[in-house]
Amino acid sequence: MADYNFQEIEKKWQEIWESSQLFNAKIDPQKPKFYSLDMFPYPSGAGLHVGHPLGYIASDIVSRFKRLQGYNVLHPMGYDSFGLPAEQYAIQTGQHPAITTEENIKRYTEQLKNIGFAFDWDKEIRTSDSAYYKWTQWIFMQLFDSFYDKEADKAKPIQELISIFEKEGNTSVKAVCNEECPEFSAEDWRGFSEKQQQQTLLQYRLTYLAETTVNWCSALGTVLSNDEVKDGFSERGGHPVERKKMMQWSMRITAYAERLLNDLEKVDWNEPIKEMQRNWIGRSVGAEMTFQVKDSEASIKVFTTRIDTIYGVTYLALAPESELAAALITEDQRETAEAYIEVAKNRSERERMSDVKTISGAFTGSYAINPFNGEEIPVWVADYVLAGYGTGAVMAVPAHDERDFNFANHFGLEIRQVLEGSMENGSFPGRDGIAMNSDFLNGLVMKDAMDKAIAFLEEKKIGKGKIQYRMRDAIFTRQRYWGEPLPVYFKEGIPYLVDQKDLPLVLPEVDKYLPTEDGAPPLGRAQNWTYKTEEGEYPLEMSTMPGWAGSSWYFLRYMDPKNNTELVSKDAQQYWQAVDLYIGGAEHATGHLLYSRFWTKFLFDRGIISIEEPFKKMINQGMIQGRSNFVYRVKGSNKFVSHGLKGEYDTAAMHVDVNIVHNDQLDLEKFKAWRPDLADAEFVLEEGKYLCGAEVEKMSKSKYNVVNPDDIILRYGADTLRLYEMFLGPLEQFKPWNTNGIDGVSKFLKKLWRLFHDKNGNFAISDAQASKEELKALHKTIKKVEEDMNNYSFNTSVSGFMICVNELSALKCNKREILEPLVILVSPYAPHIAEELWSLMGHDRSILEARFPQFKEEYMAENDHEYPVSINGKMRVKLPLPLSLTKDEIEKAALADANVQKWLEGKSPKKVIVVPGKIVNIVV
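By the working numbering, the letter at position 265 of the sequence shown is numbered 1400, and the numbering carries on one by one without gaps.
It is worth saying that the hints were derived from the structure and are not from the lab. Hints should not be assumed to be uniformly reliable.
To be verified - Computed list of lysine-lysine pairs in PhoX-like fashion (alpha-carbon distance at most 25 Å, straight line):
| hint | residue 1 | residue 2 |
| --- | --- | --- |
| 1 | 1379 | 1436 |
| 2 | 1302 | 1330 |
| 3 | 1885 | 1915 |
| 4 | 1626 | 1667 |
| 5 | 1991 | 1911 |
| 6 | 1302 | 1289 |
| 7 | 1248 | 1258 |
| 8 | 1241 | 1258 |
| 9 | 1309 | 1601 |
| 10 | 1918 | 1886 |
| 11 | 1595 | 1309 |
| 12 | 2009 | 2027 |
| 13 | 1302 | 1291 |
| 14 | 2013 | 2053 |
| 15 | 1991 | 1918 |
| 16 | 1258 | 1161 |
| 17 | 1770 | 1838 |
| 18 | 1309 | 1330 |
| 19 | 1248 | 1168 |
| 20 | 1582 | 1436 |
Owing to the predicted nature of the structure, the values given are computational and were not obtained by experimental measurement.
Assemble the whole structure, with the sequences as input and the hints as a guide.
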């Protein structure tokens, strides 16, 4: 028999696909489009493990299926190639990050091609390629030159705002801006110096410079995102991280908060991801009000969603990093409060929000005045209050908030019950003619009480109604080398954009990838990092863009990656439109996915693209977990005991490399060669074998449970890997990798191969007409695969293929009428074997140019029924008869059957009951 030589077959077809450029997508108005996209990877030095391709395999199956349905499919791949790991490696070795990045990309590309993905490699992009980040810089420039018009509810060119300022100042302007922006007239504007005008415009621009509290890691010499900090230390390297204020570029994503929230209803995403975004955006309707500090010019501004509980306020709490907190500390509280603030302000915001058990705080010694009743309220500092959310201050109502209650209870502060705006223990005296007692709100329902309280605030000019968002503007700079340079230079400390003709502003060479001796970012080491204009030579921005910059728009560039004159041509983006299917990890819900939506909406506002949402349908693939193996060392020796005997010895479990274990049996020689200290290992075997223990854990190098797809492909083939990853379970679930189970999938492909060959191994396909049983097996599978594709239930399709091949093998089917459609069905999952069989059947074009088989219900109809024949109530015979027979015909056939006559023993029936399509009952 001709063996199924997967290595030869897979290499052959991968070469054909590449040379024919079969997967290269071009605009074709005659065909419907389908845009299938994976979250592109960061190319790490470790390469892929078997968990990484899971989502790629799923998207590839859908892409191939859509081609078979007649769609024009765009299925690209590229690399998110800027990032901290490459920079840290460069710091350690002195090797330029571009070199290691290139090596890693080469490795990733080779691995991806070996799995047989239908990627359009002609459209590959890399965020670190200057031809790509030219356009990332260009988008930054458009944001800088835009403001958000609240009335139009969209971004507009900053020049329109300047025109308004020149004619009427900003008194009637309804635009998103910094809160401290003062009012000015047209005359004032015209009297401003250039510097004053630019400073004013910075308060309206969609990207702007501002002093911001950040996570600063001095060891890494850069700002870190919240995701990169854990328990006060950097995730990479475990270095201390402190909270400090720095001048940073920010993106005004908050201007889009309402649209980002509302438009979640327009996309087909799973509800948990939508809910994560809703919670991150955090829309709250309430009031902002001011508390005057006693015996001070200072005041404290707070935001609350429950102004109707104003009479239950028993203390105010400030964020530790708040400048006001430090200013309000009195001498008698200074030592305690300042010591607390020093520790608390350096805990990350994420850590402080998630730590609900630890209660810490300090009294400032100052008091604020409740404007509703004149009561003096103690001012505390508490780390559960965040400087970046709201005003950085909280009016605490312990009876109506869990964190306020825990804090008040811990420090012995008053807890005062307030119901429906009224206070149980009476009213307070008035103060300065503006206070009111609790009867003012008594008896009102919550909304009415809030409306009345807000009206009071606005009348007395001590507050106003407000919609607040938890989401904050996104910090857009990192003090790193390996990132996109910002196209900005500084004149008298004011930022200006470089000329568009000078893009890309290319990353310069530096002698080291570390901050300068005076603490400037690594770009400060570059020679002549300046920008020349007709007026003079000015310093360029030394910080670079964050990792999310290039990934916020890459899906657009795939449509037109070689365009040197525009971000994406009108023809390309109007044809490909939004991504139809996006597959990637749920961990990007509040980062990449929000930023991508933000930039898409902005580019839509400015007329650059025609879509408002980037991703129509999104699936979050689950994680493939590792299956660790263990050996059991006898303590104090180099003797290892097999799993079933370990209870007889005093042993300690030790992780062992899963790649030297097969079906839980340890390869003893490979184990001895694995580490030098194991060369003289002794083994206690059971039935001549050393059996390992096993446990499901996260796949990681430290647990020696990382499975390299290259090894699986070498041993079993890419088609087996693809099928097996889908067979493990539903795409969105977490599931353990278990190489032990892969043999079944490998045997299935061999069985599929044998359907097309005779017992001598010759390719043998018959043109004879298919039987009813064969057609039924095929069409049952067609129906299932199509339904599964529409539901993204890939694992059940693999089961369906196995059942179908088993049925056809039992029927000894080798009919072209059956096997040709079957190969098409299998081809999205196992494309190499499908292409080979398709070619052997005489086709000279790729199977991707075939059409998906059409399901026909008529082949599913049952023509016969196996009637259970009961005699005197006991089932004695099963009699297959056509369903078309009448009751009389069924009765005659039953009585004529030899087996029935045997049980009748020559007796005449007294009664025969026939239920067509069900039973025959004979009474004698």
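Tested hints:
| no. | hint | in the structure |
| --- | --- | --- |
| 1 | 1379 / 1436 | holds, 22 Å |
| 2 | 1302 / 1330 | holds, 19 Å |
| 3 | 1885 / 1915 | holds, 22 Å |
| 4 | 1626 / 1667 | holds, 11 Å |
| 5 | 1991 / 1911 | holds, 9 Å |
| 6 | 1302 / 1289 | holds, 22 Å |
| 7 | 1248 / 1258 | holds, 15 Å |
| 8 | 1241 / 1258 | holds, 16 Å |
| 9 | 1309 / 1601 | holds, 15 Å |
| 10 | 1918 / 1886 | holds, 22 Å |
| 11 | 1595 / 1309 | holds, 23 Å |
| 12 | 2009 / 2027 | holds, 20 Å |
| 13 | 1302 / 1291 | holds, 18 Å |
| 14 | 2013 / 2053 | holds, 11 Å |
| 15 | 1991 / 1918 | holds, 9 Å |
| 16 | 1258 / 1161 | holds, 11 Å |
| 17 | 1770 / 1838 | holds, 20 Å |
| 18 | 1309 / 1330 | holds, 23 Å |
| 19 | 1248 / 1168 | holds, 24 Å |
| 20 | 1582 / 1436 | holds, 22 Å |
Comparing the model with each numbered hint stated earlier shows that all of them hold.
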